[in-house]
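Okay, here's what each chain looks like letter by letter:
Protein chains: 2
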Amino acid sequence: MADVAELQKRLKHLEEELKAEKQKNQHTVRTKIAEMSSEVVDSNPYSRLMALKRMGIVDNYERIRDYTVAVVGVGGVGSVTAEMLTRCGIGKLILFDYDKVELANMNRLFYQPHQSGMSKVEAAERTLKEINPDVEFETYNYNITTMDNFSHFMDRIQHGGLKDGVPVDLVLSCVDNFEARMAINAACNELGQNWIESGVSENAVSGHIQFVIPGETACFACAPPLVVATKTDERTLKREGVCAASLPTTMAVVAGFLVQNTLKYLLKFGDVTHYLGYNALQDFFPTMSMKPNEQCDDRHCQRQQAEYKKREAANPKPVVVEKKEEEVIHEDNPFEIELVSETSAEELSAAEGPRPKLTEGLRVAYTVPAPQNESDADNTVETEETSLDDLMNQMKAL
Amino acid sequence: MADVAELQKRLKHLEEELKAEKQKNQHTVRTKIAEMSSEVVDSNPYSRLMALKRMGIVDNYERIRDYTVAVVGVGGVGSVTAEMLTRCGIGKLILFDYDKVELANMNRLFYQPHQSGMSKVEAAERTLKEINPDVEFETYNYNITTMDNFSHFMDRIQHGGLKDGVPVDLVLSCVDNFEARMAINAACNELGQNWIESGVSENAVSGHIQFVIPGETACFACAPPLVVATKTDERTLKREGVCAASLPTTMAVVAGFLVQNTLKYLLKFGDVTHYLGYNALQDFFPTMSMKPNEQCDDRHCQRQQAEYKKREAANPKPVVVEKKEEEVIHEDNPFEIELVSETSAEELSAAEGPRPKLTEGLRVAYTVPAPQNESDADNTVETEETSLDDLMNQMKAL
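Keeping their order, the protein sequence lines are chains A and B.
Numbering-wise (my numbering), the first sequence opens with residue 1 and increments by one.
Numbering-wise (my numbering), the second sequence opens with residue 1 and increments by one.
Don't take each hint at face value.
Where chains are identical, the list cannot tell them apart; a pair therefore holds if satisfied intra-copy or between any two copies.
Below 20 angstroms or equal to it, Euclidean Cα-Cα: the simulated EDC-like pairs (lysine to aspartate or glutamate) are [to be verified]:
(1) K310 with D176
(2) K32 with E312
(3) K129 with D164
(4) K19 with E62
(5) K100 with D297
(6) K317 with E136
(7) K32 with E102
(8) K100 with D42
(9) K9 with E125
(10) K32 with D148
(11) K22 with D99
(12) K309 with E35
If you're looking for bench data, these hints aren't it; they were derived computationally from the structure.
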């Protein structure tokens with residue numbers, strides 16, 4: 001009998017201890033909120049956002065709940081991007097990444113040391129759901145550039161929206177390599193899906209965002225200045241001993257620009273910037289607009305261009321000369337490039353590898369991967385390196 | 001006997017469950033790292049920062065461990081600022097704030113719902129220590145503007161550095177009100193302490209940073225455009241029913257600019273920008289430089305100006321015309337103001353209250369509090385409202 005009493009006592013003690021530990025883990029997550037309210041009380045997580053209406057900035061802030069955004073890559077820029085959208089109360093987020101959290105990521109915002117080893121999408125979803133349980137999540141722990149995954153990726157862009165299989169409202173590219181950018185570009189050209197590309201330089205002190213409207217603005221394959229470069233294999237980024245620098249500052253600024261322009265686009269306020277650069281050494285912010293390249297190698301880009309022209313011809317706009325287009329400075333300039341100087345002269349000189357000859361005022365922003373091995377080609381999306389060389393030659397011939 | 005076996009079985013089960021819960025809570029915090037290494041392995045949290053040396057951006061990144069930064073205000077801008085510096089491996093952070101975490105703060109980065117009710121400095125320290133145990137912290141949960149706290153605040157600025165009571169290396173102002181800004185300004189003028197002021201507008205779509213070198217650049221009391229305004233009591237920010245808007249995007253961009261310029265200043269790379277604005281609606285980034293006002297009401301500012309002039313006279317610089325100073329555009333311009341347009345015309349028209357007449361090209365960026373009650377005056381630092389009116393009149397008379 002004494003045994004049983006003793007055991008029961010221990011049992012009770014353990015039960016209490018377990019309850020306490022569970023409570024510790026149960027981070028009093030806030031309950032879901034059925035409707036966004038403007039009420040100014042400390043307990044309302046949306047009061048400071050709904051105040052944008054009272055301040056005359058946004059007409060219908062609560063509409064943000066109707067939108068779905070796909071974030072491709074949840075690393076230094078993508079994780080902060082997803083967190084901002086989550087805190088803003090976006091309707092739904094679809095996250096794609098195939099990486100794991102490592103201590104080497106701790107120099108950028110968002111992930112914490114105790115998440116090391118978890119997949120980035122899982123770690124991100126857990127944190128974001130705790131921050132805002134009102135947001136719907138869909139996550140995919142895979143590489144979008146393999147054949148099967150690319151088809152599935154296209155399907156989620158086309159049918160992942162909040163209402164009965166409609167497309168997502170915007171795709172945000174936060175990937176760190178050329179191949180993945182070309183995959184997103186190919187998918188969005190085929191689907192006519194608007195997207196915003198983002199990037200940070202290998203030396204961590206410059207970055208940019210670029211808004212792509214298929215057929216209407218230059219796509220990622222259209223414009224040499226954004227893709228050409230020093231012939232360095234950019235996959236070196238992942239190799240042991242060759243490691244790109246990164247800073248939480250530059251990445252948060254680029255994520256801030258990305259989500260700010262996403263909010264302006266979705267909620268229809270302010271001006272959505274087509275290209276915005278950030279040069280951290282001089283605090284210089286180049287902007288430009290680029291029309292699509294009529295000879296773009298992506299046939300879907302060409303198709304979108306033709307369809308856009310047809311639509312424009314059918315619905316001629318009142319003659320309002322756009323400010324952006326007035327600013328073109330080169331007379332003979334088929335791409336309508338105004339300015340690309342994301343990297344400074346000193347940064348360039350520090351870069352390795354041969355530099356391509358570019359028209360005055362243009363600078364390289366990306367490295368192009370070396371030709372792929374035959375064995376790799378089977379399970380990856382075509383990256384069309386040759387077309388870049390063609391475009392380079394066209395540029396040189398200008 | 002059956003009873004005992006049953007109880008033992010339950011005991012074993014509970015023990016296992018408890019072990020699992022404890023593991024979940026035990027956030028495998030990373031161990032301290034004695035020396036920053038450039039080794040490129042997944043387990044090195046500093047590899048991507050030390051890579052700034054290999055990339056030719058920073059000469060001695062590891063020196064960041066020698067520096068101490070004080071962050072005043074750990075709200076929307078300050079918390080992200082502190083997180084960035086922590087992830088960058090700063091030597092020591094001193095945090096000041098008297099606020100508590102609320103669900104109403106969840107529309108900005110950093111704090112999480114389960115921290116609601118905790119003091120901001122305590123919640124921040126806990127999270128930041130888990131992110132990087134190598135950083136030293138000192139936190140103060142008080143309002144720096146009361147008499148006693150202000151003396152203590154001054155003492156920590158003067159003696160809070162890493163080595164034996166030396167001053168901190170930089171003060172970052174991330175506060176949300178005029179009174180606290182004037183207190184930081186007064187302290188830094190008296191101590192000759194360099195600091196960077198930051199701010200975000202009430203409508204959430206613009207912000208700025210301003211680097212103050214006492215005696216050499218305009219202080220916060222010197223320059224009307226940065227402090228004057230509509231006579232709206234800015235303490236309305238805290239009143240029920242009158243709530244300023246805020247966005248995680250704008251605040252992260254401002255924090256990014258603030259810490260990027262902090263890194264450039266401490267580690268001596270790139271150019272430290274004296275004033276950088278961010279207009280989110282148009283993605284416009286005004287910059288300017290301002291010399292101190294010879295009639296500044298802060299006597300310590302005047303003293304610093306005199307000492308700076310003496311130093312300059314004793315050590316004449318080689319004739320290198322600074323680029324920034326070349327850009328001055330007004331002929332008759334004693335403040336050497338180049339451009340202030342942080343807020344756009346439409347934002348201004350949306351603002352309440354009477355608008356002061358300003359020189360062409362200038363815009364108001366702050367509201368001025370109404371005169372304080374006699375009862376408040378005892379325990380707060382003098383806010384010198386009258387001097388602003390004087391400066392306004394001087395401006396109008398130009």
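Tested hints:
In this assembly of identical chains, K310 and D176 lie within 20 angstroms of each other by CA distance neither inside one copy nor across copies; the values are 35 angstroms within and 51 angstroms between. In this assembly of identical chains, the alpha carbons of K32 and E312 never lie at most 20 angstroms apart, being 44 angstroms within a copy and 61 angstroms across copies at closest. With identical chains, the CA atoms of K129 and D164 are never at most 20 angstroms apart, being 22 angstroms at best within one copy and 44 angstroms at best between copies. In this homomeric assembly, K19 and E62 never come within 20 angstroms of each other (Cα to Cα): the closest approach is 38 angstroms inside a single copy and 44 angstroms across copies.
In this assembly of identical chains, K100 and D297 lie within 20 angstroms of each other by CA distance neither inside one copy nor across copies; the values are 34 angstroms within and 56 angstroms between. Taking the shortest alpha-carbon separations for K317 and E136, neither the intra-copy value of 38 angstroms nor the inter-copy value of 61 angstroms comes in at or below 20 angstroms. Within a single copy, K32 and E102 get their C-alpha atoms only as close as 31 angstroms, which misses the 20 angstroms cut-off; across copies the closest is 16 angstroms, which meets it. In the homo-oligomer, the alpha carbons of K100 and D42 lie at most 20 angstroms apart only across protomers (10 angstroms), although the nearest pairing inside one protomer, at 36 angstroms, exceeds that limit.
In the homo-oligomer, the alpha carbons of K9 and E125 never lie at most 20 angstroms apart, since the shortest distance is 40 angstroms inside one protomer and 36 angstroms across protomers. For the homomeric pair K32 and D148, neither the shortest alpha-carbon distance inside one copy (36 angstroms) nor that between copies (43 angstroms) is at most 20 angstroms. Neither within a single protomer nor between protomers do K22 and D99 lie at most 20 angstroms apart by alpha-carbon distance, with minima of 30 angstroms and 27 angstroms respectively. For the homomeric pair K309 and E35, neither the shortest alpha-carbon distance inside one copy (41 angstroms) nor that between copies (60 angstroms) is at most 20 angstroms.
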